[in-house]
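Protein chains: 2
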Amino acid sequence: MAKELTTREDNYSQWYNDLVTKAGLAENSAVRGCMVIKPYGYAIWENMQHALDKMFKDTGHENAYFPLFIPKSFFSKEASHVEGFAKECAVVTHYRLKNDPNGGGVIVDETAKLEEELIVRPTSETIIWNTYRDWIQSYRDLPLLINQWANVVRWEMRTRLFLRTAEFLWQEGHTAHATQAEAVAEAEKMLDVYADFAENWMAIPVLKGVKSANERFAGAIETYCIEALMQDGKALQAGTSHFLGQNFAKAFDVKFLSKENKQEYVWATSWGVSTRLMGALVMTHSDDNGLVLPPKLASIQVVIVPIYRTEEQFEAITVKALEIKKLLEEKGVRVKYDNRDTQKPGFKFSEWEFKGVPIRLAIGPRDLENQTVEVARRDTLEKESLQMQNIELKVVHLLEQIQKNLFQKALDLRTQKTFKVDTWSDFLVQIEKGGFLMAHWDGTPETEQKIKEETKATIRLIPLDSVSETGKCIYSGNPSNRRVYFARAY
Amino acid sequence: MAKELTTREDNYSQWYNDLVTKAGLAENSAVRGCMVIKPYGYAIWENMQHALDKMFKDTGHENAYFPLFIPKSFFSKEASHVEGFAKECAVVTHYRLKNDPNGGGVIVDETAKLEEELIVRPTSETIIWNTYRDWIQSYRDLPLLINQWANVVRWEMRTRLFLRTAEFLWQEGHTAHATQAEAVAEAEKMLDVYADFAENWMAIPVLKGVKSANERFAGAIETYCIEALMQDGKALQAGTSHFLGQNFAKAFDVKFLSKENKQEYVWATSWGVSTRLMGALVMTHSDDNGLVLPPKLASIQVVIVPIYRTEEQFEAITVKALEIKKLLEEKGVRVKYDNRDTQKPGFKFSEWEFKGVPIRLAIGPRDLENQTVEVARRDTLEKESLQMQNIELKVVHLLEQIQKNLFQKALDLRTQKTFKVDTWSDFLVQIEKGGFLMAHWDGTPETEQKIKEETKATIRLIPLDSVSETGKCIYSGNPSNRRVYFARAY
Numbered sequence: 068m069a070k071e072l073t074t075r076e077d078n079y080s081q082w083y084n085d086l087v088t089k090a091g092l093a094e095n096s097a098v099r100g101c102m103v104i105k106p107y108g109y110a111i112w113e114n115m116q117h118a119l120d121k122m123f124k125d126t127g128h129e130n131a132y133f134p135l136f137i138p139k140s141f142f143s144k145e146a147s148h149v150e151g152f153a154k155e156c157a158v159v160t161h162y163r164l165k166n167d168p169n170g171g172g173v174i175v176d177e178t179a180k181l182e183e184e185l186i187v188r189p190t191s192e193t194i195i196w197n198t199y200r201d202w203i204q205s206y207r208d209l210p211l212l213i214n215q216w217a218n219v220v221r222w223e224m225r226t227r228l229f230l231r232t233a234e235f236l237w238q239e240g241h242t243a244h245a246t247q248a249e250a251v252a253e254a255e256k257m258l259d260v261y262a263d264f265a266e267n268w269m270a271i272p273v274l275k276g277v278k279s280a281n282e283r284f285a286g287a288i289e290t291y292c293i294e295a296l297m298q299d300g301k302a303l304q305a306g307t308s309h310f311l312g313q314n315f316a317k318a319f320d321v322k323f324l325s326k327e328n329k330q331e332y333v334w335a336t337s338w339g340v341s342t343r344l345m346g347a348l349v350m351t352h353s354d355d356n357g358l359v360l361p362p363k364l365a366s367i368q369v370v371i372v373p374i375y376r377t378e379e380q381f382e383a384i385t386v387k388a389l390e391i392k393k394l395l396e397e398k399g400v401r402v403k404y405d406n407r408d409t410q411k412p413g414f415k416f417s418e419w420e421f422k423g424v425p426i427r428l429a430i431g432p433r434d435l436e437n438q439t440v441e442v443a444r445r446d447t448l449e450k451e452s453l454q455m456q457n458i459e460l461k462v463v464h465l466l467e468q469i470q471k472n473l474f475q476k477a478l479d480l481r482t483q484k485t486f487k488v489d490t491w492s493d494f495l496v497q498i499e500k501g502g503f504l505m506a507h508w509d510g511t512p513e514t515e516q517k518i519k520e521e522t523k524a525t526i527r528l529i530p531l532d533s534v535s536e537t538g539k540c541i542y543s544g545n546p547s548n549r550r551v552y553f554a555r556a557y
Numbered sequence: 068m069a070k071e072l073t074t075r076e077d078n079y080s081q082w083y084n085d086l087v088t089k090a091g092l093a094e095n096s097a098v099r100g101c102m103v104i105k106p107y108g109y110a111i112w113e114n115m116q117h118a119l120d121k122m123f124k125d126t127g128h129e130n131a132y133f134p135l136f137i138p139k140s141f142f143s144k145e146a147s148h149v150e151g152f153a154k155e156c157a158v159v160t161h162y163r164l165k166n167d168p169n170g171g172g173v174i175v176d177e178t179a180k181l182e183e184e185l186i187v188r189p190t191s192e193t194i195i196w197n198t199y200r201d202w203i204q205s206y207r208d209l210p211l212l213i214n215q216w217a218n219v220v221r222w223e224m225r226t227r228l229f230l231r232t233a234e235f236l237w238q239e240g241h242t243a244h245a246t247q248a249e250a251v252a253e254a255e256k257m258l259d260v261y262a263d264f265a266e267n268w269m270a271i272p273v274l275k276g277v278k279s280a281n282e283r284f285a286g287a288i289e290t291y292c293i294e295a296l297m298q299d300g301k302a303l304q305a306g307t308s309h310f311l312g313q314n315f316a317k318a319f320d321v322k323f324l325s326k327e328n329k330q331e332y333v334w335a336t337s338w339g340v341s342t343r344l345m346g347a348l349v350m351t352h353s354d355d356n357g358l359v360l361p362p363k364l365a366s367i368q369v370v371i372v373p374i375y376r377t378e379e380q381f382e383a384i385t386v387k388a389l390e391i392k393k394l395l396e397e398k399g400v401r402v403k404y405d406n407r408d409t410q411k412p413g414f415k416f417s418e419w420e421f422k423g424v425p426i427r428l429a430i431g432p433r434d435l436e437n438q439t440v441e442v443a444r445r446d447t448l449e450k451e452s453l454q455m456q457n458i459e460l461k462v463v464h465l466l467e468q469i470q471k472n473l474f475q476k477a478l479d480l481r482t483q484k485t486f487k488v489d490t491w492s493d494f495l496v497q498i499e500k501g502g503f504l505m506a507h508w509d510g511t512p513e514t515e516q517k518i519k520e521e522t523k524a525t526i527r528l529i530p531l532d533s534v535s536e537t538g539k540c541i542y543s544g545n546p547s548n549r550r551v552y553f554a555r556a557y
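Chains as they are written, first to last, in the numbering used here: chain S, 68 to 557; chain F, 68 to 557.
Hints were generated in silico from the structure; no laboratory data involved.
Just so you know, these numbers come straight off a predicted model, no measurement behind them.
Treat the hints loosely; a few may be bogus.
Each pair may be met inside one copy or between any two copies, as identical chains are not told apart.
What the hints assert, rightly or not - Listed next, the in silico DSSO-like pairs over lysine-lysine satisfying Cα-Cα at most 30 Å (straight line): (1) LYS322 / LYS411; (2) LYS124 / LYS387; (3) LYS180 / LYS165; (4) LYS519 / LYS165; (5) LYS393 / LYS256; (6) LYS70 / LYS124; (7) LYS523 / LYS124; (8) LYS450 / LYS124; (9) LYS124 / LYS363; (10) LYS144 / LYS70; (11) LYS326 / LYS403; (12) LYS89 / LYS317; (13) LYS487 / LYS144; (14) LYS523 / LYS539; (15) LYS144 / LYS165; (16) LYS329 / LYS256; (17) LYS121 / LYS392; (18) LYS121 / LYS387; (19) LYS539 / LYS517; (20) LYS476 / LYS154; (21) LYS461 / LYS471; (22) LYS363 / LYS398; (23) LYS487 / LYS322.
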């Protein structure tokens, strides 16, 4: 393979871009800001989808599908929502093209202008709550627990593969409840689902908390979030869950008859994660040799490479390799036998290393004689020769080890890069080095805004499990009773 | 439930619309021509997706994702393609809204006009072949076997839920090959996959054939299709697979270095099925009592309804019901225990009948005494009392029976409604009654066009397995050497 990869130290941002494209995860398309998710990347996204979808269903949610287009007027109905979303969107104004009478290809048919423009959904609260009005009459119709897997479009000016693209894939949950308490509980439950997924599938440790008012979702009363720390010390928001109060119910007139026979507005939540998680996955675990994938999400968990000179050796090794492949597959392991005769073992080794396959098994003629197999793990780059007996059990165990090790490594890094900061001068020094800065804040949007302007750091979250602690705001010196997490972020 | 349902005889079209909305499959949205796929309908679509996705992967295909938007100029590159698709499409012209300075909500920001308009994909050949140019250099990069699950938009003027909507969900396969023979074999293989899925999952018998030139996909050399016959005698195209020759490779300059070291254009196929299949499913099996779903695709295969008067009875029945549910789930059956205390058994019976659940189990106090359970099948509406012992095996067997019975019933109907027609006067009489008309045709687009104008019938397909037979064209009297299938179609 011998892929050229900028090192993280040289240029972290370039390293990321190189890796995503050269490992075959995604690439930029001919359409500004839109990416092509390539098969190797899409297979990882599918694994994420399957795991999340099962978690959503296990917590009582059903999938549905709502229109791609939203009438422009819907956006004006929720005042803060329109401010947050209407500014960056793709607008459909016509519904027909025609041949240019002057022979210039096809042109927009000006006679086919829409009466009302349609917006390509940046998020679906408005169209969904407009639909819920007909679905909800009584408390018996609640809770309504719905999720949608979809593409959305936000017209970003500066885009980066997976992290920030004009079109991206995501899921958006939209639930309706009879009481405030139920809706808050739902928003918190889904935050827990996201944290569980991030930690136990992606092997990414996350902090749980709520956003400050400045960083809240447009239209939410409270935005819950999980935040992860990347290797370069920048934070990444990995998922959000919003308690929307009755804002959308009021905007779209969605009422229900309560058990007490009263007409009341419905309480709402929404929550989502996107293909952005692919960026988090790459940036958390990968290294200067290429991708490192957690076993639970790797599309190929084990690759077997034959080492041979003669056709006879190849045939004998193939028999053994397919036997091991079958044993592993019976244990639920995703295995590839790389029997290409167009590439040498060395090329295959570096290719699969670059692509982050967690375990590589190599089998040569001497291994057949000795009943051994060479086992290489991607996370530590360690190799050892193991007896073939019960190899499938050893591999399954090793996959679990790798999954745990990746999480622990990321957790250790976060611990190293999380600092309590008590003076503004320390803050200014530390923010340049990266990491989470736990600091006191006076609770005002003004202070937050000034800190952002001066340092590019934002409040990533106010932790859910924070302990009360008396202190002074890092910036204003005003009293504060708990620390919040600051960081520069993706 | 007591849902009002127009009978098929009264008004087949109204029956269909009523059924789709009242059974909770889909409904029209606030956006003209776009539907909302409701949870019960979406769950069936997900089952279809899972089955198809596995079949695609088993035949060597990988999933990927390409942009929603296609630059307008791409459409002009393949001459016949633009004729077929550019006329009915959603055009994005701007990328920003702003607050109306006159206070009229949000309006399009005219300063944010795109240099080149973007088309919301009606199908993705152009953007994909523009991408393949960079992916294919050598014969070693071929075949490239890719599928995409996506939403597409075609600006239809007359829409019907699932059958014809402006936005619909589908999969589109796009493959690239080194030789013509390989590409033709791929197109035919995927047609077989579709036929297999239609018959063995949807329980819908289909004819396999190729389209006449008039009905071919815009840009294809050959369009293969599967065609089904609905209960009202109209045909429905249930899937197509296209051999695209080198048309898109030439339009987007996609060449490869062959084994013989020559630069050659790549050969292509594309193939797709859509949420239209949901319409075919409903129209093939359902009846005047509601939906009838084939067990393999039903989201709930078995519903258990408790019959009780007292709380003690309810508790005892619940124990038994959950026991049966568990036994069934261990056999892979999707079961719902309908323990709602807000509805009476009669209501539940008619609700699940309306929703097409293949098997209903009812358990009352006497059943507990006698160790029996009442088993009702949706397809025949027959009921019988069965001993509880090994009930899970009996139910699994019955699900298989129902799956087969639905296919056989649909096949019998198609057989009854397929006619050999040899004179134009017979054709005119028979086409009014519906069904497939097997008739001779002189092979010219002109004749086909005239028949369409006079009868609204089109050539649904030229069968793949047709036997050579000398005859005279039903319309022109000119010589013909085989029969083709005519029908009016959805």
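Hints, one by one, checked against the model:
1. LYS322 / LYS411: Cα proximity of LYS322 and LYS411: across copies only (26 Å, versus 67 Å in one copy).
2. LYS124 / LYS387: For LYS124 and LYS387, only the inter-copy Cα distance (25 Å) is at most 30 Å; the intra-copy one is 40 Å.
3. LYS180 / LYS165: Close inside one copy (13 Å) and across copies (19 Å); limit 30 Å.
4. LYS519 / LYS165: This pair counts as between: shortest inter-copy Cα distance 26 Å, intra-copy 49 Å.
5. LYS393 / LYS256: between (39 Å within a copy, 27 Å between copies)
6. LYS70 / LYS124: For LYS70 and LYS124, only the inter-copy Cα distance (28 Å) is at most 30 Å; the intra-copy one is 41 Å.
7. LYS523 / LYS124: This pair counts as neither: shortest intra-copy Cα distance 39 Å, inter-copy 46 Å.
8. LYS450 / LYS124: Classified as neither: same-chain Cα gap 40 Å, cross-chain 32 Å, threshold 30 Å.
9. LYS124 / LYS363: both (19 Å within a copy, 20 Å between copies)
10. LYS144 / LYS70: neither (51 Å within a copy, 34 Å between copies)
11. LYS326 / LYS403: Between copies only: 26 Å across, 57 Å inside.
12. LYS89 / LYS317: So LYS89 and LYS317 pass the 30 Å test across copies only (27 Å; inside, 49 Å).
13. LYS487 / LYS144: neither (43 Å within a copy, 60 Å between copies)
14. LYS523 / LYS539: within (21 Å within a copy, 81 Å between copies)
15. LYS144 / LYS165: Between. Shortest inter-copy distance 14 Å satisfies the 30 Å Cα cut-off; intra-copy 35 Å does not.
16. LYS329 / LYS256: For LYS329 and LYS256, only the intra-copy Cα distance (28 Å) is at most 30 Å; the inter-copy one is 60 Å.
17. LYS121 / LYS392: both (27 Å within a copy, 20 Å between copies)
18. LYS121 / LYS387: between (36 Å within a copy, 27 Å between copies)
19. LYS539 / LYS517: Answer is within; shortest intra-copy Cα gap is 16 Å, inter-copy 86 Å.
20. LYS476 / LYS154: neither (40 Å within a copy, 55 Å between copies)
21. LYS461 / LYS471: The answer is within: 15 Å in one copy meets 30 Å, while 45 Å across copies does not.
22. LYS363 / LYS398: both (13 Å within a copy, 26 Å between copies)
23. LYS487 / LYS322: neither (47 Å within a copy, 59 Å between copies)
Violated hints for the displayed structure, listed by number in ascending order: 7, 8, 10, 13, 20 and 23.
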